[in-house]
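Peer 1: Residue strings, one per chain:
There are 2 protein chains.
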Amino acid sequence: MSTSCPLPRAENERVLLGHGAGGRLTAELLASTVLPATGGPRGPLEDAALVPGCPDLVLSTDGFVVSPLFFPGGDIGSLAVHGTVNDLAMRGAEPVALSVALLLEEGLELAELEAVLASLGKAAQEVGVPVITGDTKVVGRGAADKVFITTTGVGRRLPGLSVSAAAARPGDAVLLSGPLGLHGTTVLSTREGLGFEADIASDTRPLHRLVAALAGLGDAVHVLRDPTRGGLAAALNEIAQDSRVRVEFDEGALPVPEPVAAACDILGLDVLHVANEGCMVVFVAADAADAALAALRSLPEGGGAVRLGEVTAADGHPGRVVMRTAVGARRVVDMPLGEQLPRIC
Amino acid sequence: MSTSCPLPRAENERVLLGHGAGGRLTAELLASTVLPATGGPRGPLEDAALVPGCPDLVLSTDGFVVSPLFFPGGDIGSLAVHGTVNDLAMRGAEPVALSVALLLEEGLELAELEAVLASLGKAAQEVGVPVITGDTKVVGRGAADKVFITTTGVGRRLPGLSVSAAAARPGDAVLLSGPLGLHGTTVLSTREGLGFEADIASDTRPLHRLVAALAGLGDAVHVLRDPTRGGLAAALNEIAQDSRVRVEFDEGALPVPEPVAAACDILGLDVLHVANEGCMVVFVAADAADAALAALRSLPEGGGAVRLGEVTAADGHPGRVVMRTAVGARRVVDMPLGEQLPRIC
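Chains as they are written, first to last, in the UniProt record's numbering: chain A, 1 to 345; chain B, 1 to 345.
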């Protein structure tokens, strides 16, 4: 993700839930505190980083704190594999190896831990990525909430693909590989017992095969990003900012399942802000858009791929994301602030 | 670490603090639950794993949950760098890149976070390893304790070194690079306000330069291990088990600083079980022992290096560790069970 203008310091004397939500507050914390201290990159923050001295290898790490641990369609174990595999994939890389660091709360039922780990192991096996190392820490009751998992992945970049959040170009078509809003609404509904979870399930799944299917298009593929925390709004804003372009898309093209729309209506959520774990946006040269859509749709996980819109020149407003509404109006889609949905991944 | 005989299941229906302490309970949890689910290695568990398809690269991950965050000699930030750099070094690798995953509790003072990250950044800079990627999650008040950090390191194996916990051979000399017991006693004393912390400081520091200094000895260096959780007792037991040998050492050779000995006496701790973060054991062919000691002592962090003992044939008891006491008796040094010192790293 990219860094945005810091908020005034006085608002930020303590860590807020929104600092972890993937929106403006997260960007502010990274820009003001994390990156200056760790000497992090000044350029765009990608989902995975190149390993110095190893030109084809990338590294990505992700902490998982989802609550509840189990939800329709997945659990923290499968999510921890998919999330990191997908971050590697968004740099055009296939997964080579995973590490798994467990942080456990004293008193956790071992049966619950076993179920999480069985799911994690199954997800890794389905992806074909070995878990090669790990770590287990335990803290006292009340010092953590059951299980937190940090997975780190090493990936190898697919030959021919060279994608970056800074590589969108005017004229690019903007594609989305699958339905929107399923993960966030499912987890929230399960956590709060709202009842929608009977009709929906998280979309958590690995995206590396979709990326491999796009590899044949080579340089025509410019940007890949999975709209997780902060949703589609955050993903598009980050890309528009990092590439200094404007992104326009049609509200009517958004693939929002009916139960997701109903849940968002009742909960007052903007589906553009809801986290996803099984779809990605693809920015591709216009003349390769049909081929890219066909490649995505050739796999089950891309069966619902659609064209959302296109990139235009910045026209004095680089970084702007605009939605064309059903009635023909244009609405600016801002970066979410960040406090909407804690512990969604 | 190696896996030991599982304890009966009935004792283990919930996660205990000792499951994270690096002793027998940790080994049991790994053997019974973690490794079967994740398809982990059946051989010895090394501090860092080889990356498939990348013969010179290793990967290691470690979660840090130390309490308090700051203690004499270090803090969770520097510890998170040193711990992972040292795990890479124990596979004979120099650090190439780090990832940092932060898990923050809502309400944490930003000034405290900034101090932790400044220390982390400084430690990484001193080692010369870039932090190339990261992640930040926030959970609600009471769902974590201030800051947990998971660091993952990619390392490149130094040419000539080929070390493994399974490579100890009868006749090897057993060396220790520095004083024993400083980290664990310092953290415990600080946490509990016992007063020893005025006289001692954690030994937290990177060991990669010591390992580089040993690289010239090549194949004569058989095993490297830093005695962190579980202390020297766990490290030697793991090596003895994985190599199917017997290890003997002299109690009188243990470099235990006076304040550490006093703290252990009063607290009822066995210094052999106390965690260290700045020393390592080296198993080296007998005829290279003097050269190895000289190499260690050539650097400030190895200035206190000593010879502890030697490896002997198993004689029907593979995996046994024996201490020759000051009065000439022999005491079997067991793997610690694990509940002694929670949240020490």
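None of these hints come from the bench; they were simulated from the model.
The structure presented is a predicted model; accordingly, all values stated were derived computationally and were not measured.
Ideal Cβ positions, reconstructed from N, Cα and C, are used throughout, including at glycine.
Some clues are possibly wrong.
Said to hold, decoys possible - Mimicking EDC-like on lysine to aspartate or glutamate, the simulated pairs with C-alpha atoms at most 16 Å apart in a straight line are:
(1) A:Lys146 / B:Glu13
(2) A:Lys146 / B:Glu301
(3) A:Lys146 / A:Glu94
Claimed, not checked - To list a few chain B residues with every Cβ distance to chain A over 10 Å, as calculated:
(4) Pro52
(5) Leu113
(6) Gly140
(7) Ala198
(8) Gly319
(9) Leu337
Stated by the list, open to error - So the derived list for chain B, only partly shown, Cβ under 7 Å to chain A, looks like this:
(10) Gly20
(11) Thr33
(12) Val327
Peer 1: Against each hint, give a clear statement of whether it holds in the structure.
Peer 2: Going down the list of hints, with the structure as the test:
For the hint pairing lysine 146 (chain A) with glutamate 13 (chain B), the CA-to-CA distance comes to about 14 Å; that is within 16 Å, so the pair holds. A distance of roughly 39 Å separates the Cα atoms of lysine 146 (chain A) and glutamate 301 (chain B); the hinted pair therefore is violated under the 16 Å criterion. For the given pair, lysine 146 (chain A) sits about 31 Å from glutamate 94 (chain A) by alpha-carbon distance, which is inconsistent with the 16 Å threshold. Not every CB of chain A lies more than 10 Å from the CB of proline 52 (chain B), the least distance being 6 Å, so the non-interface label is violated.
Distance check for leucine 113 (chain B) against chain A: the nearest CB is about 6 Å away, which does not clear 10 Å, and the non-interface claim fails. The beta carbon of glycine 140 (chain B) sits about 6 Å from the closest Cβ of chain A, which is not more than 10 Å, so the claim that it is off the interface is violated. The Cβ of alanine 198 (chain B) sits about 26 Å from the closest Cβ of chain A, beyond the 10 Å cut-off, so the non-interface label holds. Separation of glycine 319 (chain B) from chain A is adequate, the least Cβ-Cβ distance of about 22 Å exceeding the 10 Å criterion.
At roughly 14 Å from the closest C-beta of chain A, the C-beta of leucine 337 (chain B) stays outside 10 Å, upholding its exclusion from the interface. Of the supplied interface hints, the one on glycine 20 (chain B) holds, with its beta-carbon coming within about 3 Å of a beta-carbon of chain A, less than 7 Å. This hint holds: threonine 33 (chain B) has a C-beta 6 Å from the nearest C-beta of chain A, less than the 7 Å allowed. Violation of the interface hint for valine 327 (chain B) is found here, the shortest Cβ-Cβ separation to chain A being roughly 38 Å, above the 7 Å cut-off.
Of the numbered hints given earlier, the model fails hints 2, 3, 4, 5, 6, 12; all others are met.
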